[in-house]
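J.: Spelled out, the chains give:
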Amino acid sequence: MIKRNNDVWVFIEQRNDRPADVSLELLSKGRKLAIELNSQLKAVVIGYNVENIAVETFNYGVSEVLITDHPELIHYKTLPYSKILSELVEKFRPGVVLFGATIIGRDLAPRVASYNKCGLTADCTDLQIADVKYLRNEYKNLLLQIRPAFGGNIIATIITPDVDIQIATVREGVMRLEPLVSSVKGKITNIAYHPSELDNIVKIIEQHREENRVNLKGSPIIVAGGYGLGNKANFKLIQELADTIGGEVAGSRAAVDAGFVTPDRQVGQTGVTVRPKLYIAVGISGAIQHRAGMQESNKIIAINNDPEAPIFGIAHYGIVGDAAQIIPTFINLFKQKLR
Amino acid sequence: MGYHSIVLVKQVPDTANISGQVMKEDGTVNRALLPAIFNHEDRVALEIALQIQDNFGGTVSAITMGPPRASDVLRECLFMGADNAYLISDRKFAGADTLATSYVLSEAIKKIGNYDFIFAGRQAIDGDTAQVGPQTAEKLGIPQITYAQEIISLKENHAVIKKKIEGGYEILETALPCLITVLKDAVFPRPYKAKRVMTYKNAKTLIELEKLTEGNSLLYIDQLKYEYISKHIYINTLTMDDLKLDSERCGVAGSPTKVHKIESVVLKGNKHENIEPTKQGIGNLIDKLMEDHIFG
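Protein chains in written order, with our numbering: chain U, 18 to 356; chain D, 2 to 297.
If you're looking for bench data, these hints aren't it; they were derived computationally from the structure. Here a beta-carbon is modelled for each residue, glycine too, at the ideal position from N, C-alpha and C. Just so you know, not all the hints are guaranteed correct.
[What the hints assert, rightly or not] Away from chain D, derived, C-beta distances all over 12 angstroms, residues of chain U:
1) Pro-88
2) Tyr-210
3) Ile-218
4) Gln-224
5) Ala-250
[Stated by the list, open to error] Simulated crosslink set (DSS-like; lysine-lysine; CA at most 25 angstroms straight-line):
6) U:Lys-220 x D:Lys-163
7) D:Lys-93 x U:Lys-134
8) U:Lys-316 x D:Lys-289
9) U:Lys-220 x D:Lys-156
10) D:Lys-165 x U:Lys-234
11) D:Lys-112 x U:Lys-134
12) U:Lys-49 x D:Lys-259
13) U:Lys-220 x D:Lys-165
14) D:Lys-93 x U:Lys-249
15) D:Lys-259 x U:Lys-316
16) D:Lys-289 x U:Lys-100
17) U:Lys-150 x U:Lys-134
18) U:Lys-150 x D:Lys-165
19) D:Lys-93 x U:Lys-316
20) D:Lys-163 x U:Lys-150
21) D:Lys-280 x U:Lys-294
Construct the complete structure from the given sequences, taking the supplied hints into account.
T.: Given below as structure tokens:
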């Protein structure tokens, strides 16, 4: 049986000189995993002038931050970042390494896993620690990497029993953000970086970033439309309803794929996970990937013309009927009552 | 001159169109009943490689690892315009996760050799992991650009590429060779050319030729293979032994991730309150939500 170092590592991504939300969410979850494993929570920060980012992780119970700070590393670049992280993981062999399932996380984590010949599970919707019996062997304290699979018809629990490093990615919003009441006094360890010519095979010519104006996670009311709305014109009703009751517009993956709504508004396993006070799902059948992203909403209203749609299984209120009639009625009545 | 592009393609079950029949009574999926399709983003990757060939000359090779029937997507690649096709297939590859798959693909690519670009879709719809591309690049020791949206320019040994980043885009310049994974909207894949379909619908892998010779004492496999090669309708077929692979790194043996448990998704009892789609029903619902301070 292999021997594991049970430390839990989280790769910290940066947004506007702050840790990305998803990284802080992973620290919150990572801390719980580390407590169960009776081990340490550690953070890895790569960049330039990132000490303040490192210090912020202490609010989440990090006992040690590994920092690589260098002007050449100011922007994410696949080759130097993956080399630094791959070699750190190889040297210290943490039992668990977590990445946000962001564009950067999905670029970086596979290279780190490949370099270290270990497993990697993408887009987990839950992570747990458990003793597992697998093929007649007993394994202590494995990381259960849980995710919907195969078009959402099944939920799979993935394990990597025979490798000492377990790596997973998790989407933003899936884990709850839980800062500590008082920050811990952690240690900062500087890791040297020696630039090599190979790190510059790919050069950044230009970067263009817009402030992300969509804030689904922070909105108390979300009105989401699905493929069942049939066309873009019907999807406008979603916008009208959201505007009337003061909510944000969202969509299922099918609605995004059909072009009804932009990808930054996708709710679900491969989109954002939300927990609003009110979630109105219109024309959304309710596949597991979608439910994974909204089922913890405080109140759910489902509107669908198919009474058998799975979405009704998790809804608090269900309206069976044609959205093109129900939504205008809803809007008119709401306006009247508000007067 | 010109560039040699290798395109990684995958045959995937059409998970978007799962019908009632596909679900077994115990709630699991009957894979055999699912239609197998060409992963769309890989088709986009092939189109980009073909456009580079249109503009600069060179060769396009399509490669897939999969069961014998994955030859279907390779024929589709030939219909679109690929020059060569490679099926990497072996019983010992079954059950491969992304690590084992990228090992096999990277070794196959080394054998094909002399490439400038490797293109792939960002991810395949059956797993959505987006891992095989970067892991193949890592094993080949080459750079990667994921989430590519456009090849802006190409000059000698350098390509300028636009890629998506969180909240925007980035323009990168890379030396070749480089592995690039593309987003589905990057370009629109061309339709099949009728003439190519007529020719390549007869293209066959070694496995398919062997089937033809079974029970037909007049056909000899070596002769048949030679005939298909000379007509340019032979789909190169490589096994674990052909690639001299380490069996410990292939298939289930080479896959660190294991499926511990699979649960079919069972919905809990339906406990929602049914609201009539009438003025009165909807009005009552709004009142209730206002009382609960959900609105306002």
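J.: So, for every hint listed, does it hold in this structure?
T.: Outcome of the hint check:
1. Pro-88: holds, 18 angstroms
2. Tyr-210: Given a closest Cβ separation of 18 angstroms, the condition holds.
3. Ile-218: violated, 5 angstroms
4. Gln-224: Check fails; 5 angstroms does not lie beyond 12 angstroms.
5. Ala-250: Since the minimum Cβ distance to chain D is about 20 angstroms, Ala-250 of chain U lies beyond 12 angstroms and the statement holds.
6. U:Lys-220 x D:Lys-163: holds, 12 angstroms
7. D:Lys-93 x U:Lys-134: Measuring from Cα to Cα gives roughly 19 angstroms; hence the hint holds.
8. U:Lys-316 x D:Lys-289: holds, 12 angstroms
9. U:Lys-220 x D:Lys-156: Measuring from Cα to Cα gives roughly 15 angstroms; hence the hint holds.
10. D:Lys-165 x U:Lys-234: holds, 22 angstroms
11. D:Lys-112 x U:Lys-134: holds, 22 angstroms
12. U:Lys-49 x D:Lys-259: holds, 24 angstroms
13. U:Lys-220 x D:Lys-165: holds, 15 angstroms
14. D:Lys-93 x U:Lys-249: The given pair, whose Cα atoms are some 47 angstroms apart, is violated under the 25 angstroms limit.
15. D:Lys-259 x U:Lys-316: violated, 37 angstroms
16. D:Lys-289 x U:Lys-100: Violated, because 57 angstroms separates the two Cα atoms, which is more than 25 angstroms.
17. U:Lys-150 x U:Lys-134: holds, 23 angstroms
18. U:Lys-150 x D:Lys-165: violated, 42 angstroms
19. D:Lys-93 x U:Lys-316: violated, 50 angstroms
20. D:Lys-163 x U:Lys-150: At roughly 47 angstroms apart (the allowed maximum being 25 angstroms), Lys-150 of chain U and Lys-163 of chain D break the hint.
21. D:Lys-280 x U:Lys-294: holds, 24 angstroms
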